[in-house]
Each structure stands twice: as structure tokens, then as C-alpha cells.
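Enquirer: If you're matching them up, the sequences are chains A and B in order.
When we follow the numbering used here, the leftmost residue of the first sequence carries the number 293, and every step to the right adds one.
When we follow the numbering used here, the leftmost residue of the second sequence carries the number 29, and every step to the right adds one.
27 Å max Cα-Cα, derived DSSO-like pairs, lysine-lysine:
id	chain 1	residue 1	chain 2	residue 2
1	A	K370	B	K73
2	A	K316	A	K360
3	A	K316	B	K70
4	A	K316	A	K370
5	B	K70	A	K360
6	B	K30	B	K70
7	B	K30	B	K73
8	A	K370	A	K360
9	B	K73	A	K360
10	B	K73	A	K316
11	A	K370	B	K70
12	B	K107	B	K70
13	B	K73	B	K107
Honestly, the hints are just simulated from the structure, not real lab data.
Computed from a prediction, not measured in an experiment: that's the story for all the values here.
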Amino acid sequence: DAGVIQSPRHEVTEMGQEVTLRCKPISGHDYLFWYRQTMMRGLELLIYFNNNVPIDDSGMPEDRFSAKMPNASFSTLKIQPSEPRDSAVYFCASSPGRGELFFGEGSRLTVL
Amino acid sequence: RKEVEQDPGPFNVPEGATVAFNCTYSNSASQSFFWYRQDCRKEPKLLMSVYSSGNEDGRFTAQLNRASQYISLLIRDSKLSDSATYLCVVIPMDTGRRALTFGSGTRLQVQP
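All chains should be modelled from the sequences, with the hints used to inform the complete structure.
Expert: In C-alpha cells form, the structure reads like this:
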């Protein structure tokens with residue numbers, strides 16, 4: 293079975309540009325999470341969805357970040373406009389229940 | 029105080045050694061606990077759940093101490109392949125803000 297699929301794997305962009313990260317969760321999983329990982333701050337929960345509905349977005353850093361889940365098989369995380377401090381690895385994870393998370397391989401974002 | 033705290037390490041141990049990590053949590057209402065493993069430049073993967081009575085999976089033993097609010101991971105007979113960062117996950121009983129909080133991780137380096 294396919295795991296969580298994220299795209300792009302790597303993204304290099306310039307400050308001010310819009311960035312869209314994509315995620316396809318594992319079929320049948322009711323929960324979807326977006327995390328950001330940096331050396332300084334570790335893994336930070338940005339937002340999570342339950343049955344396509346955003347439950348907790350308190351980790352979204354600011355209005356430049358937005359996430360959507362239009363259906364059970366697709367989610368996006370958008371940053372507009374991007375800034376150098378947004379450089380990080382962004383992980384999407386899905387779960388059949390709390391605690392057991394299945395992560396994608398991550399999207400490594402570099403904002404110049 | 030951080031919700032979940034771990035000693036960042038690194039723990040440098042020789043092959044065959046026994047090593048233990050702790051993870052402390054601040055929310056006494058925390059309900060579920062897990063250990064994840066993350067290899068360098070890879071995504072985190074579930075290693076094992078932590079049950080109240082303690083549990084063992086091969087060379088790995090996880091324990092929970094609710095009175096002192098920490099969980100532990102013990103690795104016996106360390107292998108080179110155990111070199112990774114070990115992350116603990118704590119889930120509060122209330123599923124609101126900051127559900128699924130990851131610790132910053134403890135890095136283990138097993139040396140030949």
C-alpha cells in the first residue's frame with residue numbers, strides 16, 4: 293500500500309513567492325497533520341484535520357500560512373508570501389487514530 | 029516549562045551497550061504516550077506505544093511513571109542501526125490545543 297505522499301520533495305524559492313505543498317494521506321485515515329521541523333524548534337504541529345475539518349490551527353505561525361483539505365485524499369499547505377525564516381522541512385502525516393502517525397517523506401523548503 | 033522535554037544528547041555508546049532515555053511531560057492529564065524514531069534526513073516512524081504497565085518489543089522496553097510524569101525507553105544490546113533520534117509523543121486527555129506534542133528528540137550514536 294502507498295504511504296503518505298508529499299510533493300514537492302524539495303522546493304527552492306525566493307522571498308515573497310507563493311509556496312504550495314501537497315499531501316495525499318493514506319486511504320481510510322481520518323486524521324491529517326501538518327508539521328514543520330527545524331533544528332532550532334524541532335517538530336512543531338501547525339494544523340490538523342479530522343474528517344477534512346480543521347480542528348486545531350493554533351500552531352500556524354501567522355496569516356501567511358493557510359491549509360486546506362478539500363476532500364479525504366488531498367491537502368495543501370500554502371505560504372504566501374514566503375520568507376527566509378519559513379525554511380524548514382514540512383511533514384504531512386495521517387492517522388487512523390491519535391498517536392499512531394504515518395509521515396510522508398517531507399517537503400524541504402528553502403526560501404532565499 | 030515545555031510540555032514535553034527530552035535530553036538532546038547525543039548519547040554515544042558502544043555496540044552491545046544498554047542505554048536509556050527519559051522524556052518528561054508537564055500535563056498530568058496526558059493520556060497516551062509513544063516513542064518515535066527518526067533517522068537522519070528521514071521522516072519520523074512509530075517505534076512503540078507506551079502502556080501503563082510497561083511494554084517490551086525485542087531489545088526495546090518502554091515504561092511510564094505517572095507519579096513523576098515521565099516515560100522511558102531502554103535499548104539493550106545496542107546495534108549500529110539503532111543510531112537515530114528518538115522522539116517521544118504525549119497526547120493530553122483533552123484533545124484541544126497542541127494535541128500530539130513531540131519532544132525535541134534524543135540523539136543516539138552507537139559506535140563500533
